[in-house]
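**Q** Each chain, letter by letter, is given below.
There are 2 protein chains.
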Amino acid sequence: MAALTDFGLIWGKIQELVSRIMSSSKTSIPRRSKVKDMSAEVVDSNPYSRLMALQRMGIVENYERIRDYSVAIVGIGGVGSVAAEMLTRCGIGRLLLYDYDTVELANMNRLFFRPDQVGMTKTDAAVQTLSEINPDVVLESYSMNITTVKGFDVFINSLKSGVDLVLSCVDNYEARMVINQACNELRQTWMESGVSEDAVSGHIQLLIPGETACFACAPPLVVASGVDERTLKREGVCAASLPTTMGVVAGLLVQNCLKYLLKFGQVSPYLGYNSLKDYFPTMEMKPNPQCSNAACVDRQKEYMESKPARDAAAKAKIEAEVSSVIEEPLHLDNEWNISIVDDSDAGSSTAANTSSILPEGLVHELPTADKYSEQVGPTVTDGIDDDLEELQRQLDALNSS
Amino acid sequence: MAALTDFGLIWGKIQELVSRIMSSSKTSIPRRSKVKDMSAEVVDSNPYSRLMALQRMGIVENYERIRDYSVAIVGIGGVGSVAAEMLTRCGIGRLLLYDYDTVELANMNRLFFRPDQVGMTKTDAAVQTLSEINPDVVLESYSMNITTVKGFDVFINSLKSGVDLVLSCVDNYEARMVINQACNELRQTWMESGVSEDAVSGHIQLLIPGETACFACAPPLVVASGVDERTLKREGVCAASLPTTMGVVAGLLVQNCLKYLLKFGQVSPYLGYNSLKDYFPTMEMKPNPQCSNAACVDRQKEYMESKPARDAAAKAKIEAEVSSVIEEPLHLDNEWNISIVDDSDAGSSTAANTSSILPEGLVHELPTADKYSEQVGPTVTDGIDDDLEELQRQLDALNSS
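So the sequences go chain by chain: A and B. Counting along the first sequence from 1, when you hit position 246 you're at 246 in full-length UniProt numbering, and nothing is skipped either side. Counting along the second sequence from 1, when you hit position 256 you're at 256 in full-length UniProt numbering, and nothing is skipped either side.
Calculated from the structure, these hints are not laboratory results. There could be a bad hint or two in this list.
It does not matter which identical chain is meant; a pair holds if it fits inside one copy or across any two.
[As the list claims (entries may be wrong)] Straight-line alpha carbon distances no greater than 25 Å define the calculated DMTMM-like cross-link-like pairs of lysine to aspartate or glutamate that follow: (1) LYS150 with ASP124; (2) LYS13 with GLU305; (3) LYS34 with ASP153; (4) LYS286 with GLU64; (5) LYS36 with ASP116; (6) LYS277 with GLU61; (7) LYS150 with GLU185; (8) LYS34 with GLU104.
Build the full structure now, drawing on both the sequences and the hints.
**A** Written out as structure tokens, the structure is:
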């Protein structure tokens with residue numbers, strides 16, 4: 001009996017020990033608790049202090065509005081995963097993630113995924129990592145191929161839930177055309193991104209249905225340069241990639257996403273990155289009236305028809321600004337010449353008219369971006385048209401093969 | 001006796017169970033095994049296939065040489081931690097990491113650190129994450145302040161172990177001046193990086209003792225713009241920061257580090273990033289003969305004295321290139337006009353003379369960077385000199401306070 005009593009006591013202790021080990025192994029990753037309101041308080045325990053400081057610095061008028069926004073990221077690879085992490089750390093309201101691929105060791109030369117996630121779907125692995133980083137973000141994952149009939153249906157329905165911006169981070173032409181189709185149908189503003197197959201250049205592009213060129217109007221330079229995607233899919237051949245180029249492109253993409261959503265600075269219509277020379281070309285592309293995408297042509301018509309209303313609104317805004325400038329001049333010590341953009345200006349690619357004034361005695365080594373957009377003008381050049389025809393021939397050949 | 005026998009059996013099973021739980025909790029993060037040689041084989045299990053593809057694409061002559069290089073990163077914050085992760089994923093030989101800070105929740109708005117690492121030193125947390133990502137990289141961590149007398153001693157001795165490049169990712173003027181002192185003394189090439197207090201601009205800069213301006217010759221624009229660092233250290237006030245800006249600066253920094261080490265493309269002497277307008281100013285700065293740093297002045301003398309030898313080497317190289325061009329012309333289909341840089345050109349800021357040729361019919365919207373460096377010339381402008389004097393006054397005031 002004595003032995004049994006001892007056994008009972010020991011058994012109890014062992015159970016306690018086992019459950020302690022079990023629970024400690026389960027909670028080995030302590031999550032931070034959710035935060036109800038974003039606070040600007042400067043304490044080490046506040047994950048949002050450095051973001052809320054953007055308001056005090058005069059960059060963003062109302063940072064906490066980021067919680068109201070939903071962003072869809074299509075393609076959770078080298079660019080998309082980093083874009084998702086940046087938006088998660090910025091405290092975006094809701095992220096929708098789309099990918100059908102799984103994590104492989106061959107992905108480890110880009111940021112974000114870890115070797116212990118090999119074999120997981122990219123969306124599951126992303127949700128695991130992102131929810132640990134910031135539990136305040138609502139994450140929706142779609143592990144599916146948007147280029148299938150069923151996948152396209154789920155994709156377009158998910159966007160109808162109310163998405164403020166779609167970020168395209170896919171690595172092929174077909175998926176870009178599917179995103180383009182969905183966004184043209186839904187009048188959905190989106191941003192496209194891409195990295196070249198030799199890993200040393202990339203681009204981002206803003207697409208507003210009816211207002212800017214759509215992806216079918218004018219594919220970006222990286223696609224237009226004529227690399228045949230099929231060459232990349234041969235056995236034993238793969239594209240090069242670098243975490244640097246993909247990190248830069250993701251950073252430029254999400255920075256423009258933040259400028260668009262939180263209404264500061266100027267959203268770039270197109271920005272290239274040539275890393276061999278650290279050269280960053282910019283341009284603007286108007287829609288092509290002969291675009292092969294019917295929804296794009298419809299959006300162009302709507303945009304033309306709404307021109308009188310837009311002109312009237314623009315005129316009223318300028319008049320209001322002129323009178324407000326007379327009433328309250330800009331601070332003379334506003335060194336960075338930052339001005340807050342009016343809400344009614346949402347979606348415009350030239351949202352803020354900030355000029356770049358340097359401290360006395362310093363000069364810009366390059367002319368300002370404004371100077372170039374004056375010179376360049378917004379129409380597509382004949383040279384690009386020629387190239388598009390050549391591209392169209394290549395695509396037709398690709399589709400018929 | 002029966003009870004005791006049962007107890008013995010059960011105890012054995014319990015011990016087995018406990019050790020199984022213990023070992024499973026220890027190995028919950030499966031590491032990838034080390035890789036002896038970098039392979040270009042295109043299989044999902046090869047973590048280096050997309051990097052070795054840079055050779056097949058004609059970008060890098062010998063990618064595997066990256067394993068021979070050691071890079072020191074000072075400051076493992078928003079820029080330094082991402083730079084360390086990029087180099088780790090690229091398979092750098094050895095990384096030396098310096099920081100004296102600990103991880104806080106207030107750091108979670110930048111990439112890299114996780115909430116479960118709060119309270120760890122930044123160097124320990126970085127080693128934990130990086131060794132899981134790539135066990136092939138040799139990691140050395142220095143959790144200490146390089147601006148103390150003892151810290152400086154350890155810092156300078158660690159650099160003497162054979163470091164190919166130092167990356168400065170610190171957030172204050174004092175630490176930059178300490179790195180500058182050490183690198184001037186050791187004839188150590190380094191790259192400086194910085195992000196503005198309003199989080200929307202940044203820069204990188206290449207510093208070659210004696211050849212380019214050192215940090216004491218001409219502080220970068222971000223420092224020169226005159227923000228008093230003391231204003232950032234007041235109770236309840238902190239600088240703003242964004243994962244986007246820091247990710248872009250880290251990407252540009254490590255890309256230039258890779259170009260420098262693996263000898264491809266052109267290493268930028270100075271590259272700025274103004275995110276409000278997506279504007280990227282470049283410039284070159286020659287050393288200041290009146291520099292207050294004695295070691296810099298010594299390096300300038302050495303550089304002047306070695307001019308005849310450099311000129312002779314440059315002449316011989318041009319002659320060799322001319323004869324090789326006659327013997328083997330460049331491929332006509334070398335669309336990106338990539339040329340491999342000769343080994344003897346190591347460290348030169350204008351390593352490769354690649355011109356930027358676009359496909360027929362396409363035009364650059366901005367003049368090439370070359371055009372600007374012709375216009376600008378390599379000397380520091382009078383305007384910057386004026387500004388430096390003002391800065392010197394501010395620094396003197398700061399030091400005397």
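**Q** Look at each hint and say if it fits the structure.
**A** Status of the hints after comparison with the structure:
no., hint, result
1, LYS150 with ASP124, "within (20 Å within a copy, 47 Å between copies)"
2, LYS13 with GLU305, "neither (78 Å within a copy, 79 Å between copies)"
3, LYS34 with ASP153, "neither (33 Å within a copy, 44 Å between copies)"
4, LYS286 with GLU64, "neither (33 Å within a copy, 45 Å between copies)"
5, LYS36 with ASP116, "between (32 Å within a copy, 20 Å between copies)"
6, LYS277 with GLU61, "between (36 Å within a copy, 18 Å between copies)"
7, LYS150 with GLU185, "within (17 Å within a copy, 65 Å between copies)"
8, LYS34 with GLU104, "between (31 Å within a copy, 16 Å between copies)"
Hint compliance for this structure: hints 2, 3 and 4 are not met, and every other hint is.
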